[in-house]
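Undergrad: Residue numbers (this note's numbering), protein chains in the order written: chain A, 1 to 416; chain B, 1 to 416.
Please note that a few of the clues may not be correct.
Copies of the same chain look alike in the list, so a pair counts if it fits in one copy or across any two.
[Claimed, not checked] In silico lysine to any residue, SDA-like type, Cα no more than 20 Å apart, as pairs:
{"#": "1", "residue 1": "Lys311", "residue 2": "Glu142"}
{"#": "2", "residue 1": "Lys294", "residue 2": "Glu398"}
{"#": "3", "residue 1": "Lys59", "residue 2": "Asp48"}
{"#": "4", "residue 1": "Lys89", "residue 2": "Glu142"}
{"#": "5", "residue 1": "Lys311", "residue 2": "Val270"}
{"#": "6", "residue 1": "Lys159", "residue 2": "Val18"}
{"#": "7", "residue 1": "Lys344", "residue 2": "Leu97"}
{"#": "8", "residue 1": "Lys367", "residue 2": "Val18"}
{"#": "9", "residue 1": "Lys207", "residue 2": "Leu81"}
{"#": "10", "residue 1": "Lys340", "residue 2": "Leu415"}
{"#": "11", "residue 1": "Lys118", "residue 2": "Glu202"}
{"#": "12", "residue 1": "Lys203", "residue 2": "Ile113"}
{"#": "13", "residue 1": "Lys294", "residue 2": "Gly362"}
{"#": "14", "residue 1": "Lys367", "residue 2": "Ala295"}
The hints are simulated quantities; they were obtained by calculation from the structure and are not laboratory data.
There are 2 protein chains.
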Amino acid sequence: MIQTSIITIGDELLIGQVIDTNSAWMAQQLNKSGIRVVRRIAVGDVWDEIWNALDQESKQADIILITGGLGPTADDITKPLLCKYFSGKMVVHDGALQNVINIFTNILKRPIIERNLKQAEVPDNCKVLLNKSGTAPGMWFEKGGKIFVSMPGVPNEMKGMMQDDVIPLLNNYFQFPHIAHRTLLTAGVGESFIAEMIEDFEKALPKHIKLAYLPNYGMVRLRLSSSGSEILSTEDEIQHYFISLQELVKEFLVTNKDEPMQQVVANLLVAKNQTISTAESCTGGYIAHLLTQKAGASAYYSGSIVSYSYKAKESLLEVSQSVLEINGAVSEEVVIQMAKGALKALNTDYTIAVSGIMGPDGGMKDKPVGTVWIAVGNFEQIVTQKFTFNFDRTRNVELTATFALNMLRKFILSLD
Amino acid sequence: MIQTSIITIGDELLIGQVIDTNSAWMAQQLNKSGIRVVRRIAVGDVWDEIWNALDQESKQADIILITGGLGPTADDITKPLLCKYFSGKMVVHDGALQNVINIFTNILKRPIIERNLKQAEVPDNCKVLLNKSGTAPGMWFEKGGKIFVSMPGVPNEMKGMMQDDVIPLLNNYFQFPHIAHRTLLTAGVGESFIAEMIEDFEKALPKHIKLAYLPNYGMVRLRLSSSGSEILSTEDEIQHYFISLQELVKEFLVTNKDEPMQQVVANLLVAKNQTISTAESCTGGYIAHLLTQKAGASAYYSGSIVSYSYKAKESLLEVSQSVLEINGAVSEEVVIQMAKGALKALNTDYTIAVSGIMGPDGGMKDKPVGTVWIAVGNFEQIVTQKFTFNFDRTRNVELTATFALNMLRKFILSLD
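If we strip away everything but chain A, and leave its shape as in the complex, we get:
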């Protein structure tokens, strides 16, 4: 089986200054094309480390995909290193040069300097992959039956190159197996409880079908994976097991697609041609952000009132001052008034209102950090629930958003 390693290069990856989102995206795209990633490795902008990584990974993998270190500045050493590694000679590439000139003249509208022109130089023994969004060209090398591809670390430049060139070229070069995945999402139940529920199913799975548990934020995703040479039989077989799996966990099933909670809610609303608004205190716009991540959100999402202050709650959501004073902002009474206020102000079919204490400060004796009140409903009926989350601020915000969306999902389904 053809094996792939991804090498990401950059000191910033080793001191944690940036999160590596590139290799996750690459792995996702490769996987769809039946290209199996077996290792991902990150090294710094250090000559010996990069050299060793190339040596090591090419011993284990057939395809080595490299990102990063192609910028025009002195800390970027990937290109001269690759030139030496593959015993090439640096030459100016006409297409890459035209691309640099075009980007500076027509897109950036900035003068070109010597340093930028050097971006058009490449080792003479590589196939050049043009970069449609930046100045650094990609480079495709072949050595000892192995493929090495170097791409820029800037996410959209790498993505364009992967989609337009790298994946099609790899598909021409190799014959990949078909990889099939099925993923479902459950909510409201722990990983080990699910494992008990499906123990017999899991034991009876054939060796070549793998089951993975992916717990996250109060939800557990279950993924079945298989690979085979025949598309149809691989898909048929995994679908058969996937149907059984759905049946076993149906009580907790949110979706049988690999999609996030907000997408499930969005799909429900689109199908019913209905709309939603939000009134957010502690989540500070995060639920709005989730609901607007995909294009087309305006079809079902009207907007949010992020009421981070008492005054905003009073003026925009008509929460009464006395209710705020008597119950505090984190209370059932306040989220009910917030929900009603949002329905009135934004005139949507449904709404979500949240108010809580996300931490690390602000906890009180009767309302510790992590206390959250959520209300969901429509003009006829509002449902509330109190939660206490025990995590850090970021995770408490994520959990609040997820549970609120799940409450709304159940509310909508309960009306059918």
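Use these hints to put chain B onto chain A, whose structure you have.
TA: What follows is chain B alone, placed relative to chain A:
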């Protein structure tokens, strides 16, 4: 010099189903303690791959930190593998058992099942690190002068263990050099233009001080790094160079700390005891989310009106229907009215209003995808600017938020 490798384990990392945020966080924490990470590697839940990774990394590194694969389900094989790798015998650990019982009884309030109790089993030749937020204990092994530490992959469980146990224990075991970093943030200028501006400075840097360019979303961070045995001299030396660097780029300098744009704006507002609100269309709450990521945001942030529909713009922000109809939602007139509406509704010192077309759909001939109007200002004065971004939806939203915050920052500074 003591070298560290991080091994993250999980099939989900190799098919891109999750983004690895753990190893960035770990690298950050280790770096602060002078512990240098030289490699990060991700492998699947595959016996041979994990075994090979342990062999390989321990040849190159002195400390091998491992996360993932410790869950109670069948796909998690890290613990039995480590038991075999270090020739141990599985035994029940009393402290870990008490912890499992406590978590189920007092926190999760769910019945314990056999599978959960097995979480308390560990190889008899490791030092157990208790997990305060989950059931999987951490394991510390020593072999051939190398340290191996296995931690859960759940982020908050790993973080607690790193902070409470792993870093203090490593500091006892080794003598680490002092690592000094200085980072500044510039905006409005490209990476290669900065490289020209500071070329002489960069060439004159001593060998042991490294300069890195970290471009991102219309901004470039510059980072100087150095390491030495003496804290004071290392810090003094790098500070000397950092002051020169700031001077060279002062025209474009946003901050001389390693902090995001929203933090710079927050600091400005706190120092002036002033407040801000936002009126967001195309960013869908993302600016609000950025401004409320840190505790204490209520001191300067009042709230946001996320007006994703025409109706919301009219009813909540008093944008006039005729202005919307004549100019369209993405126009200078509309963002000015949105800004005025937000100032009035939320009564803050400043406001930000944005309206744009984030893509992939919705572009028009005279307003292509990526067109954004931003307004910032106060009750006396509103400043507007039009941008055209050429990226995908996610990045267009991030760029809009960054440029809007930078416009507000400049506006506030211009009043001094």
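Undergrad: Please sort lysine 207 with leucine 81 into within, between, both or neither, judging by C-alpha distance up to 20 Å.
TA: between (42 Å within a copy, 19 Å between copies)
Undergrad: 20 Å Cα cut-off: does lysine 294 pair with glycine 362 within a copy, between copies, both or neither?
TA: Between copies, since 12 Å is at most 20 Å while 33 Å is not.
Undergrad: Within a copy, between copies, both or neither: where do lysine 59 and aspartate 48 come within 20 Å Cα-Cα?
TA: both (17 Å within a copy, 15 Å between copies)
Undergrad: Quick one: lysine 203 to isoleucine 113, C-alpha cut-off 20 Å, is that within a copy, between copies, both, or neither?
TA: Result: close only across copies, 18 Å inter versus 63 Å intra.
Undergrad: Can you give me the call for lysine 344 and leucine 97, within, between, both or neither, at a CA distance of at most 20 Å?
TA: Neither: 58 Å inside a chain and 52 Å across chains, both beyond 20 Å.
Undergrad: Please work out whether the CA atoms of lysine 311 and glutamate 142 approach to 20 Å or closer within one copy, between two copies, in both situations, or in neither?
TA: Result: close neither inside a copy nor across copies, 65 Å intra and 58 Å inter.
Undergrad: Quick one: lysine 89 to glutamate 142, C-alpha cut-off 20 Å, is that within a copy, between copies, both, or neither?
TA: within (15 Å within a copy, 46 Å between copies)
Undergrad: If the cut is 20 Å between Cα atoms, do lysine 159 and valine 18 qualify within a copy, between copies, both or neither?
TA: both (18 Å within a copy, 17 Å between copies)
Undergrad: How would you label the pair lysine 367, alanine 295 (within, between, both, or neither) given a Cα cut-off of 20 Å?
TA: between (38 Å within a copy, 17 Å between copies)
Undergrad: Reference check for the pair lysine 118 and glutamate 202, CA-CA at most 20 Å: within, between, both, or neither?
TA: Close across copies (18 Å), not inside one copy (56 Å); limit 20 Å.
Undergrad: At most 20 Å between CA atoms: does that hold for lysine 311 and valine 270 within a copy, between copies, both, or neither?
TA: Between copies only: 19 Å across chains, 34 Å inside a chain, cut-off 20 Å.
Undergrad: At most 20 Å between C-alpha atoms: does lysine 294 with glutamate 398 qualify within a copy, between copies, both, or neither?
TA: Intra 18 Å, inter 14 Å, cutoff 20 Å: intra and inter.
Violated hints, in rising order: 1, 7 and 8; the structure is consistent with all others.
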